[in-house]
Amino acid sequence: MNKARIEAFTDAILAILVTIMVLEFHVPKTADWQSLVKENGVYFIAYVIAFADVSVSWYNHHYLLALAERINKAVYWSNMLWMFTLSLIPFAVAFISEHPTNSSPAIFYLAVNIAWALSYLNLSQQIARANNSDIAKKIQLMPIYSYLHSSWLAVYPLAFVILFFWPPIVIVMGAIEIIIAAFKSNNPEIDFK
1 MNKARIEAFT
11 DAILAILVTI
21 MVLEFHVPKT
31 ADWQSLVKEN
41 GVYFIAYVIA
51 FADVSVSWYN
61 HHYLLALAER
71 INKAVYWSNM
81 LWMFTLSLIP
91 FAVAFISEHP
101 TNSSPAIFYL
111 AVNIAWALSY
121 LNLSQQIARA
131 NNSDIAKKIQ
141 LMPIYSYLHS
151 SWLAVYPLAF
161 VILFFWPPIV
171 IVMGAIEIII
181 AAFKSNNPEI
191 DFK
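Taken in order, the sequence shown gives residues 1 to 193; the numbers are from my numbering.
These are computed hints drawn from the structure, not numbers from a lab. You may find that some hints are simply not true.
Unchecked claim - Mimicking SDA-like on lysine to any residue, the simulated pairs with C-alpha atoms at most 25 angstroms apart in a straight line are: (1) LYS29 with LEU14; (2) LYS3 with VAL18; (3) LYS137 with TRP152; (4) LYS3 with SER119; (5) LYS137 with PHE44; (6) LYS29 with LYS3; (7) LYS137 with LEU158; (8) LYS29 with THR101; (9) LYS137 with MET80; (10) LYS29 with ALA15; (11) LYS73 with SER87.
From just these sequences and the hints, can you work out the full model?
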């Protein structure tokens, strides 16, 4: 399977998703800062977190595929599953920003983030299996790979409980998670030809 086609397709999907997210902003009814914040403030916070998530994911995905020498059908479908979960982010962000104190949008947002993390982990494992042991070791040394294997994922069940009492916990948790992931995403430099 041609790796360049998967990379190009993934890049196109990510660009479309970011565009969809930015289109959710509404022009305020009046031309003042108060209206701008009132009509878009919660969405802006969720958008910044989602944009950072997509950015960190793209960086790690780019590195992951740059390591791969072989792409097979399992890698292709794992990549499609990862992009499917990623494609739910704009809706999840819009839903939670429209109803920030309701538990249903918070549950959906958290479920999308869990599915996204697990699908990325699966993609990493499929690429490791499809390639030689040296590449598999490099993948396992990626900071995001160890992060997804860390105890941080154990916090998700706790967040499910807390969000019934305070739904914005998922936004706070998302912000903390992306800050940690961004700082841990310092993959060794390789030639991204």
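Verification of the supplied hints:
| no. | hint | verdict |
| --- | --- | --- |
| 1 | LYS29 with LEU14 | violated (30 angstroms) |
| 2 | LYS3 with VAL18 | holds (23 angstroms) |
| 3 | LYS137 with TRP152 | holds (22 angstroms) |
| 4 | LYS3 with SER119 | holds (19 angstroms) |
| 5 | LYS137 with PHE44 | violated (38 angstroms) |
| 6 | LYS29 with LYS3 | violated (47 angstroms) |
| 7 | LYS137 with LEU158 | violated (32 angstroms) |
| 8 | LYS29 with THR101 | holds (24 angstroms) |
| 9 | LYS137 with MET80 | holds (23 angstroms) |
| 10 | LYS29 with ALA15 | violated (28 angstroms) |
| 11 | LYS73 with SER87 | holds (21 angstroms) |
Of the numbered hints listed earlier, those contradicted by the structure are 1, 5, 6, 7, 10.
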